[in-house]
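Novice: The residues making up each chain are set out below.
There are 2 protein chains.
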Amino acid sequence: MTLPTSTQNQSLIIGLKQRREKLAKLINYPVILWSGSPARRNFSANKLPFRASSHFLYFAGIPLTNAVIRLQGGKLELFLDNPPPEATLWHGTTPTREEIGAIIGANQVYPLAELSGKTAGAATIAVQDLATYQQQSQLLNRPISLSHQTTSIDLELAQALVKLRSHHDDLALAELRQAAAVSVAAHKAGMQATKNATTEAEIRGAMEGVIIAHNMTCAYNSIVTVQGEVLHNESYHHQLHPGDLLLADVGAETPNGWAADITRTWAVSGKFSPSQKAIYEIILQAHDDCIAKVKPGVEYQDLHLLAAEIIAAGLADLGILEGNPQDLVAMDAHALFFPHGVGHLLGLDVHDMEDLGDVAGYTAGRSRSDRFGLGYLRLNRPLESGMLVTIEPGFYQVPAILNDPNFRAKYQNVINWERLAEFKDVRGIRIEDDVLVTDSGAEVLTASLPTKIEELVVMSNE
Amino acid sequence: MTLPTSTQNQSLIIGLKQRREKLAKLINYPVILWSGSPARRNFSANKLPFRASSHFLYFAGIPLTNAVIRLQGGKLELFLDNPPPEATLWHGTTPTREEIGAIIGANQVYPLAELSGKTAGAATIAVQDLATYQQQSQLLNRPISLSHQTTSIDLELAQALVKLRSHHDDLALAELRQAAAVSVAAHKAGMQATKNATTEAEIRGAMEGVIIAHNMTCAYNSIVTVQGEVLHNESYHHQLHPGDLLLADVGAETPNGWAADITRTWAVSGKFSPSQKAIYEIILQAHDDCIAKVKPGVEYQDLHLLAAEIIAAGLADLGILEGNPQDLVAMDAHALFFPHGVGHLLGLDVHDMEDLGDVAGYTAGRSRSDRFGLGYLRLNRPLESGMLVTIEPGFYQVPAILNDPNFRAKYQNVINWERLAEFKDVRGIRIEDDVLVTDSGAEVLTASLPTKIEELVVMSNE
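Just so you know, the protein sequences line up as chains A and B, in that order.
Under our numbering, think of the first position of the first sequence as 21, with each following residue one higher.
Under our numbering, think of the first position of the second sequence as 21, with each following residue one higher.
Note that these hints are calculated values from the structure, not bench results.
Quick reminder that beta carbons are idealized off the backbone N, C-alpha and C, glycines included.
It is possible that some hints are incorrect.
[Stated by the list, open to error] Here are the in silico distance ranges between beta carbons for each label pair:
#1 B:Ala122 x A:Pro262: 32 to 40 Å
#2 A:Ala384 x B:Asn102: 45 to 53 Å
#3 A:Pro103 x B:Ser64: 44 to 52 Å
#4 B:Gln259 x A:Leu175: 40 to 48 Å
[To be verified] Examples of chain A residues toward chain B, derived with CB under 8 Å:
#5 Arg60
#6 Arg61
#7 Glu228
#8 Tyr240
#9 Glu301
#10 Pro425
#11 Ala429
#12 Lys430
#13 Gln432
Assemble the whole structure, with the sequences as input and the hints as a guide.
Specialist: Structure follows, in structure tokens:
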């Protein structure tokens, strides 16, 4: 664990205390949150990379393992066992429970065994790892619903957490800016590595190498692919060919758990073909126009629909779609090529608070649409100052969609298949940035990474 | 998943069949092995990196997820669910159960639900993830002991697995050589990155970047540290200073799960100080002499004791220890500076089959010594042709040992503390290679990575 320096530490203590006090205004019963514990890589001494649970991290501030915090009335109690004395041989001197308590401003510290006497009436959120989940249930002495199905006081807690975590405080913003800056550097390294790379994996190595070099981890499994139409592609073995576009969706996470999420699409050869350029410009316009509209009060779904309309209009201009843009969007024709939502909340999680189902993403009373062109939208709330969202329009030729007989029948009069065939070297394009909603509009945390074709071309030829 | 090409595929099918046939000669009841399933990174769509269980991988050959195999009489039945149709949108076309069955030479394939009718009388080995472990118990309808505490038919299976997995076949060796080659490249990149690096993390980024660029993963959490005396150091935030030694213990794992494990120690400035050079040469001699002795029939513990004696002799020559080397080793004085074993088995796991406790590492009837200088030895068997072991002597100034009042009292007459103080810039040195036992002696799979100071100096100044 990297311990904070003393100035950082004062900000951490103050920031965490403010979070607890805000929570105490919303919840008057105790809240107990578990960090979780690392999974094993086939034998117990070989641990898989560990990520503490996000709700825990929000109040504990630093990535503790096998730790529990109890919050009540603005106070923090930390439950953590000291490492056994023989651990110093293998792991060196590690801070004691008391030292860690001091770092995060705990009001009391206890060994884990003392937790069992202090769980009455407490709310919690289920963590993802089963071993810890079973402990939660046992220690609270009641069944705990999964985190996307919370009920009663756990649901109230979930709603309170959403209120807090939706608006990033200074502590969070400092971390999010770091994650964004390192992710920008990783993408630049990926572009610069392209000229001499022969496989997707080599680009990925260059990008993730930068993240590791900054002592960060990836916030999610990277997508680095010449098959951009596979939306969650996680294979990296394809050869790069001169006519390919490379889509890279890679984001760093700070040691304390805060994420960035950036996508860029660039040409393997350094040069976009006319068909690639034509589609790219449409997606870039959707990206830029959505970001220009970001401000408090704007409905995020309206940004999604704006992107959809710009894409439909652009494809109509190119002769790929036929009809007027509003009609095309109303019939979800945009979703043939842009089947996902325009973005999501971003914070400790890359899809922030998605463990709570749609409690964070959807205003109370709203639920997922069953429309093909809206159902994958992860965020449907009016924007508020302090929210961080991604804006990530895209264009994809997904065989599972375009070859689907039902879609082909439904949209037979609005797609020009012959014209579309002239764009077959555009498999997938996405442009994604991290946008902070501010009182005065928007601040793009990832703005230092180019989006314009001319600049991408320069960078990938450097 | 990267699918094998057709030539690779024939070798895979033949190699896996041979493994099953060998197993059938040792075990006449069914064997059921689970791959396990990925853990989640705080919400269900964000998966942590997954590693299938090693015993499963040995017979399934490729890294399947949520899969089960049943082996009996040399036959393989694969139980695996096809992805739901909507998965093609997000994940593209993935091979069907039948296609995967063909790739690995399965005799039959079934959906997972059919497993429950085919579990009678089967042996298994518990996997590490609790969710899968609970399924194992439920489906076999009996309690399953943890993998290091197997009993009855599960213990017999463990012993059979050790017989097979201790001797690497051609399929395994092809993978192990790839892992070794990429790990060598990673270490070279680390050395070359040193001149311009300012933190441990930057060296790590350069090294792991190479592993990722080859579409491999790290076989274990890398150690890249200027505090080499912390044996399992997993922090990377320290600044590099010109007088520091950098210890890097980094190994790649192939996509099918086979590991390498290499340690090198080099000078941050490119130049070893006289004190660093003096100790390094002792460790290198222990390393070289142990490797020279590797051949079938040699007791691995004798190699450990040989390393201990060379280190004791070298430290006596330098005036750090006082006494004759045999006596020093007999009283475990070497372990003050070399507290771990000289190495371990290597294969699918970096400590191969350590999930089975000491069943693989210790010949039946042998158990861990309670001697300080032997108790951490992970391997105590006569070497046999086809075994892959690490040879990794080291020297460390571990405060938890050297400041321990009991040790200081016990060894007061054999340590010259004033002389030792002249070596305070030698915090930790380890030199580790992967050595295959062959009929004619030894083949060092990692031999292309330099160990000699002159060569390390050249490489870290390139």
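Novice: Each hint needs a verdict: does it hold in this structure or not?
Specialist: Each hint tested on the structure:
1. B:Ala122 x A:Pro262: 32 to 40 Å: For Ala122 of chain B and Pro262 of chain A the Cβ distance comes to about 34 Å; the hint holds.
2. A:Ala384 x B:Asn102: 45 to 53 Å: For Ala384 of chain A and Asn102 of chain B the Cβ distance comes to about 37 Å; the hint is violated.
3. A:Pro103 x B:Ser64: 44 to 52 Å: 31 Å, violated
4. B:Gln259 x A:Leu175: 40 to 48 Å: Holds, at about 47 Å.
5. Arg60: Because about 4 Å separates Arg60 of chain A from the closest Cβ in chain B, which is inside the 8 Å limit, the hint holds.
6. Arg61: Holds - the Cβ of Arg61 of chain A comes within 8 Å of chain B, reaching about 5 Å at its closest.
7. Glu228: Cβ of Glu228 of chain A sits 5 Å from chain B, so the hint holds.
8. Tyr240: 5 Å, holds
9. Glu301: 25 Å, violated
10. Pro425: Violated - the Cβ of Pro425 of chain A stays beyond 8 Å from chain B, reaching only about 13 Å at its closest.
11. Ala429: 18 Å, violated
12. Lys430: Violated, because the Cβ-Cβ distance from Lys430 of chain A to chain B comes to roughly 16 Å (cut-off 8 Å).
13. Gln432: 21 Å, violated
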